[in-house]
Amino acid sequence: YVSELHLTRLKGNEGGTYTFQVSNSDVNSSVTLNVYVN
13 YVSELHLTRL KGNEGGTYTF QVSNSDVNSS VTLNVYVN
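For the sequence shown, this note's numbering begins at 13 and goes up steadily by one.
One or more of the hints may lead you astray.
Okay, derived cross-link-like pairs now, SDA-like style, lysine to any residue, Cα gap no bigger than 20 angstroms in a straight line [said to hold, decoys possible]:
| id | residue 1 | residue 2 |
| --- | --- | --- |
| 1 | 23 | 45 |
| 2 | 23 | 48 |
| 3 | 23 | 50 |
| 4 | 23 | 46 |
| 5 | 23 | 49 |
| 6 | 23 | 42 |
Just the calculated beta-carbon pair ranges, DEER-fashion [stated by the list, open to error]:
| id | residue 1 | residue 2 | range |
| --- | --- | --- | --- |
| 7 | 14 | 37 | 14 to 24 angstroms |
| 8 | 13 | 37 | 25 to 35 angstroms |
| 9 | 37 | 16 | 17 to 27 angstroms |
| 10 | 41 | 15 | 32 to 42 angstroms |
Please keep in mind that the hints were generated in silico from the structure rather than gathered at the bench.
Quick caveat: nothing in here was measured; it's all calculated off a predicted structure.
Virtual Cβ for every residue (Gly too), placed ideally from N, Cα, C.
Take the sequences, apply the hints, and build the full model.
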(Lines of atoms letter the chains of each structure in order from A and count residues from 1; the text may use other names and numbers.)
(Lines give C-alpha, C1' and ligand atoms only; values in the text may rest on other atoms or scores of the structure.)
Protein backbone atom coordinates (compact mmCIF):
# COMPACT_ATOMS: atom_id res chain seq x y z
CA TYR A 1 0.00 0.00 0.00
CA VAL A 2 1.07 3.64 -0.42
CA SER A 3 1.02 6.29 2.26
CA GLU A 4 1.99 9.93 1.75
CA LEU A 5 3.14 12.51 4.26
CA HIS A 6 3.65 16.07 3.04
CA LEU A 7 6.60 17.74 4.80
CA THR A 8 6.49 21.48 4.14
CA ARG A 9 9.84 22.30 5.77
CA LEU A 10 11.91 19.78 3.84
CA LYS A 11 14.63 21.25 1.64
CA GLY A 12 15.42 20.06 -1.87
CA ASN A 13 18.67 18.36 -0.85
CA GLU A 14 17.17 16.48 2.14
CA GLY A 15 15.61 13.58 0.25
CA GLY A 16 16.99 10.10 0.66
CA THR A 17 16.72 7.08 2.91
CA TYR A 18 16.04 7.68 6.60
CA THR A 19 16.07 5.00 9.29
CA PHE A 20 14.44 5.58 12.66
CA GLN A 21 15.58 3.29 15.47
CA VAL A 22 14.14 2.85 18.96
CA SER A 23 15.04 0.49 21.75
CA ASN A 24 14.50 -0.25 25.41
CA SER A 25 15.48 -3.07 27.72
CA ASP A 26 12.90 -5.41 26.15
CA VAL A 27 12.87 -4.76 22.42
CA ASN A 28 14.58 -3.02 19.49
CA SER A 29 12.75 -1.76 16.42
CA SER A 30 13.48 0.26 13.30
CA VAL A 31 11.69 1.56 10.24
CA THR A 32 13.30 2.77 7.01
CA LEU A 33 11.65 5.41 4.82
CA ASN A 34 12.50 6.65 1.35
CA VAL A 35 11.93 10.41 1.17
CA TYR A 36 11.39 11.98 -2.25
CA VAL A 37 11.48 15.74 -2.75
CA ASN A 38 9.57 17.26 -5.68
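Verification of the supplied hints:
| no. | hint | result |
| --- | --- | --- |
| 1 | 23 with 45 | 16 angstroms, holds |
| 2 | 23 with 48 | 11 angstroms, holds |
| 3 | 23 with 50 | 10 angstroms, holds |
| 4 | 23 with 46 | 15 angstroms, holds |
| 5 | 23 with 49 | 8 angstroms, holds |
| 6 | 23 with 42 | 24 angstroms, violated |
| 7 | 14 with 37: 14 to 24 angstroms | 35 angstroms, violated |
| 8 | 13 with 37: 25 to 35 angstroms | 33 angstroms, holds |
| 9 | 37 with 16: 17 to 27 angstroms | 35 angstroms, violated |
| 10 | 41 with 15: 32 to 42 angstroms | 18 angstroms, violated |
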